[in-house]
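Visitor: The listed protein sequences derive, respectively, from chains A and B.
Letter by letter, the first sequence follows residues 281 to 724 of our numbering.
Letter by letter, the second sequence follows residues 281 to 724 of our numbering.
Source of the hints: derived by calculation from the structure; they are not laboratory data.
The beta carbon of each residue, even a glycine, is placed where N, CA and C say it ideally should be.
Some hints could be false.
[As the list claims (entries may be wrong)] Have a look at the derived ranges for each label pair, beta carbon to beta carbon:
hint	chain 1	residue 1	chain 2	residue 2	range
1	B	A389	A	G602	38 to 48 Å
2	B	G497	A	Y584	33 to 43 Å
3	A	P360	B	S476	37 to 47 Å
[To be verified] Quick partial rundown of chain A residues pointing at chain B, CB under 7 Å, derived from the structure:
hint	residue
4	N474
5	Y478
6	P482
7	S484
8	D548
9	F551
10	S567
11	F568
12	P570
13	E653
There are 2 protein chains.
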Amino acid sequence: MIKNILVLGAGRSSAVLIKYLIDNCEACNWHLTIADAAPENVRTNFPESNLVRITAFDASDVLQREKEISNANLVISLLPPQLHFPVAVDCIKYSKHFLTASYLTPEIAELDQQARQKGILMLNECGLDPGIDHMSAMEIINRLHNAGCTILSFKSYTGGLVAPESNDNPWGYKFSWNPRNVILAGQGTARYINGSVYKYIPYSRVFTDIETINVDGTGTFDGYANRDSLAYRHHYKLENVPTLLRGTLRHSGFCRAWDIFVKLGLTDDSFVIEKSEELTYAQIVRSFLPSSLKHRELIDAVAYLCDLPVEGEAMSKFIWTGILEEEKSGLKNATPAMILQHLLMSKWKLEPGDKDMVVMQHLFMYMNKDGVEKNLVSSLVVKGENQQYTAMAKTVGLPLAIVAKLLLQEKINIVGVHLPVIKEIYEPVLEELKTEGISFTEIN
Amino acid sequence: MIKNILVLGAGRSSAVLIKYLIDNCEACNWHLTIADAAPENVRTNFPESNLVRITAFDASDVLQREKEISNANLVISLLPPQLHFPVAVDCIKYSKHFLTASYLTPEIAELDQQARQKGILMLNECGLDPGIDHMSAMEIINRLHNAGCTILSFKSYTGGLVAPESNDNPWGYKFSWNPRNVILAGQGTARYINGSVYKYIPYSRVFTDIETINVDGTGTFDGYANRDSLAYRHHYKLENVPTLLRGTLRHSGFCRAWDIFVKLGLTDDSFVIEKSEELTYAQIVRSFLPSSLKHRELIDAVAYLCDLPVEGEAMSKFIWTGILEEEKSGLKNATPAMILQHLLMSKWKLEPGDKDMVVMQHLFMYMNKDGVEKNLVSSLVVKGENQQYTAMAKTVGLPLAIVAKLLLQEKINIVGVHLPVIKEIYEPVLEELKTEGISFTEIN
Chain A
281 MIKNILVLGA GRSSAVLIKY LIDNCEACNW HLTIADAAPE NVRTNFPESN
331 LVRITAFDAS DVLQREKEIS NANLVISLLP PQLHFPVAVD CIKYSKHFLT
381 ASYLTPEIAE LDQQARQKGI LMLNECGLDP GIDHMSAMEI INRLHNAGCT
431 ILSFKSYTGG LVAPESNDNP WGYKFSWNPR NVILAGQGTA RYINGSVYKY
481 IPYSRVFTDI ETINVDGTGT FDGYANRDSL AYRHHYKLEN VPTLLRGTLR
531 HSGFCRAWDI FVKLGLTDDS FVIEKSEELT YAQIVRSFLP SSLKHRELID
581 AVAYLCDLPV EGEAMSKFIW TGILEEEKSG LKNATPAMIL QHLLMSKWKL
631 EPGDKDMVVM QHLFMYMNKD GVEKNLVSSL VVKGENQQYT AMAKTVGLPL
681 AIVAKLLLQE KINIVGVHLP VIKEIYEPVL EELKTEGISF TEIN
Chain B
281 MIKNILVLGA GRSSAVLIKY LIDNCEACNW HLTIADAAPE NVRTNFPESN
331 LVRITAFDAS DVLQREKEIS NANLVISLLP PQLHFPVAVD CIKYSKHFLT
381 ASYLTPEIAE LDQQARQKGI LMLNECGLDP GIDHMSAMEI INRLHNAGCT
431 ILSFKSYTGG LVAPESNDNP WGYKFSWNPR NVILAGQGTA RYINGSVYKY
481 IPYSRVFTDI ETINVDGTGT FDGYANRDSL AYRHHYKLEN VPTLLRGTLR
531 HSGFCRAWDI FVKLGLTDDS FVIEKSEELT YAQIVRSFLP SSLKHRELID
581 AVAYLCDLPV EGEAMSKFIW TGILEEEKSG LKNATPAMIL QHLLMSKWKL
631 EPGDKDMVVM QHLFMYMNKD GVEKNLVSSL VVKGENQQYT AMAKTVGLPL
681 AIVAKLLLQE KINIVGVHLP VIKEIYEPVL EELKTEGISF TEIN
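Generate the whole structure from the sequences, applying the supplied hints.
Guide: Rendered as structure tokens:
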């Protein structure tokens, strides 16, 4: 019997997902519909066929949304997060499986009972981070628990970075993911638990309260805390773990330099800069400096404010961005964050031949059944092939694609609203990811 | 003809307003209705009579709200800011004057045309700050402009403080105004203009980018920038002024010490502390310290984080609050800001015999018609009588009361949505305020 898969949204990072689905259409007896606001962009990368339809899609068009969803057996939503909920509601209405890489929201969590009644799976956080991190962590957690171990500490870091061979800038960073999220990262207070003490880090300290993470053969990284680690104690069945932290990796030195933007106030997205289109980057930086520093050279003033040496590494990264240049962004009614994003998109651009790199590391401390304390470090390094088949696109797209296949093959038979922390899901997905070159190295 | 005045909300700082209106009821032929959620509290301070009615009031009860408003000639709203708009809409519907001390909101500004058509005045920002600051500033600005002067710089600071004779704590501060607003003060980015350069101060620097303000005979104060000074260029007819700053005054040294709370993250109101009711203040402070400082004594760790001497003035203010004590707030599901407010309300309490103090200072630099640069400093110091007839209640309540009287006497004949920056309003109000002991001292 033919099964219809509907992919909503085919933007950045969708290429590997779509390729996997297309490659399996014939063997699996699938028809694939790719619905995107800009179908012509999708068509330049993927040919239409009797099995693959590419269609224009407006998420706010209720009739079209319902029609496409009602014709599908399974919906994968890569839409912006705020558009998932109406899709999820339609999936309930028409009894269709719903998969996404986005964070589970309270409103989707409330659909659990209805999803169970309709016999459908609504799987959230099934990309890279969140996604592969949950699956790989849960595999280790269950393994340790089954061996009678007690987990004392679990820290998990993930970063979407540029591969060393394509790194030609002092930050060791290029955008392989939504640039806006990178600019706004860390806003709000980070929450985790450390040695049974709840820990809270205000935004002003997120990029200085960092840890150093070593990944054998790949390098040394800064790890900063993600917004809310505490909620995952429940998902990971680690309700009483003394230490749990989820964080983000950046190349060593990135955070100290990024903190200059934070200290200045240039990551603020809450207000519009007066006459933003008329001002140069340097003038905007000047606007964020205390009036008391107005007689200093701009570079000196920034270094003084941030208590950094003018000639040091952090300041040189900062200067490299061009933020002290007498050049205009030209953006009207722009917030500081919009100006900064505009500048960095030109500097941290993944060029056609560039390879990105995804790095993940889980650090466990546990007590084995004999009462001996042990460490376990599990690391993943994935490199992209090019600007389109990125490591990010692989690691975000393949888990979704594999779950879609397993669901339609009825090899996964779970209903309700879930994260991929269930053995029946993560085990076959991690197994197939290995065959795609996405495998962890474990040091015990 | 009898005129009906409706006062909505009679909480903190309403006593002087209500007393003024009651004192004038007979002579002016007014009937006064005081409508409050807790009318019994109002009745303990003010007797009802054939001229004064005190009634229970629920702002969300549409029928009651419309009934009271339709029976009034003039409405003074002291309700929480978010409740003004429906009241304003009813005032339009029934053609009633509307007065408030709260900030003008965009949605109320949009009622201007309708207010003009209905022939009513909707006057906003007519308390102390905003209020008396606007009126007194505008009087000077118009005077200087009329004398052919060009204003080069205008900075205006206001503080609600404790009077020196009632000051028995190292902060020189007790709550004479909404405590929550004091805890959350400065959040968001402060915006002003300095030497024709737009200036933005992120929250993390609001309490360190401060100025020192001297008020002759009263003392030295810290002045920190208020949220948005730029909007007032238009209201003050100072569109092209090179420097304009509105700020808040605190006793000298307050800001440096307050910044410790900010740095720690204890003023955050955006998330709930886990198990907040079980934790002591000291444990909560520990939660906001970097894990790297976990082996230090708590006091040392805070001082180290803030780069302050342990024995210094700022740290001693901080310690005085009791925030490092092993005592529980007992508050469930509390944000850091709620915990801090709870603690400080017990420490910064205006006791029955205590006097508060309002301090305001306008600092002008201008060029006179002969091209000579001049300074003008205008200062106001008002002390309260006791815990109820506070300087805050006088300076917030009297401008509203006086405008109400002048309107009902038809001595003010302005219609539309306004701030009290119009001569026809501020001139008689400032004149009468002098007779109440609220007068500025000018040094030229």
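Visitor: Determine for every hint whether it applies to the structure shown.
Guide: Hint check results:
1. The beta-carbon spacing between B/A389 and A/G602, approximately 39 Å, falls within the hinted interval of 38 to 48 Å.
2. Between B/G497 and A/Y584 the C-beta distance comes to about 36 Å, which sits within the given range of 33 to 43 Å.
3. Between A/P360 and B/S476 the beta carbons are some 40 Å apart, a value that agrees with the proposed interval 37 to 47 Å.
4. Given hint, A/N474 at the interface with chain B, holds; its Cβ is 5 Å from that chain's nearest Cβ, closer than 7 Å.
5. Look at A/Y478: its Cβ gets to within about 5 Å of chain B, closer than 7 Å, so that hint holds up.
6. Given hint, A/P482 at the interface with chain B, holds; its Cβ is 3 Å from that chain's nearest Cβ, closer than 7 Å.
7. Here the hint on A/S484 is kept, as its CB sits about 4 Å from the closest CB of chain B, short of 7 Å.
8. For the restraint placing A/D548 at the interface with chain B, the shortest Cβ-Cβ distance is roughly 5 Å, inside the 7 Å limit, so the hint holds.
9. Nearest Cβ of chain B to the Cβ of A/F551: about 6 Å, under the 7 Å cut. The hint holds.
10. With a cut of 7 Å, the hint placing A/S567 at the interface with chain B holds, because the nearest CB-to-CB distance is about 5 Å.
11. At its closest, the beta carbon of A/F568 sits 5 Å from a beta carbon of chain B; the interface hint therefore holds under the 7 Å criterion.
12. Annotation: interface hint on A/P570 holds; nearest CB of chain B at approximately 5 Å, less than 7 Å.
13. The restraint placing A/E653 at the interface with chain B is violated, with a minimum CB-CB distance near 19 Å, outside the 7 Å limit.
Of the numbered hints given earlier, the model fails hint 13 alone.
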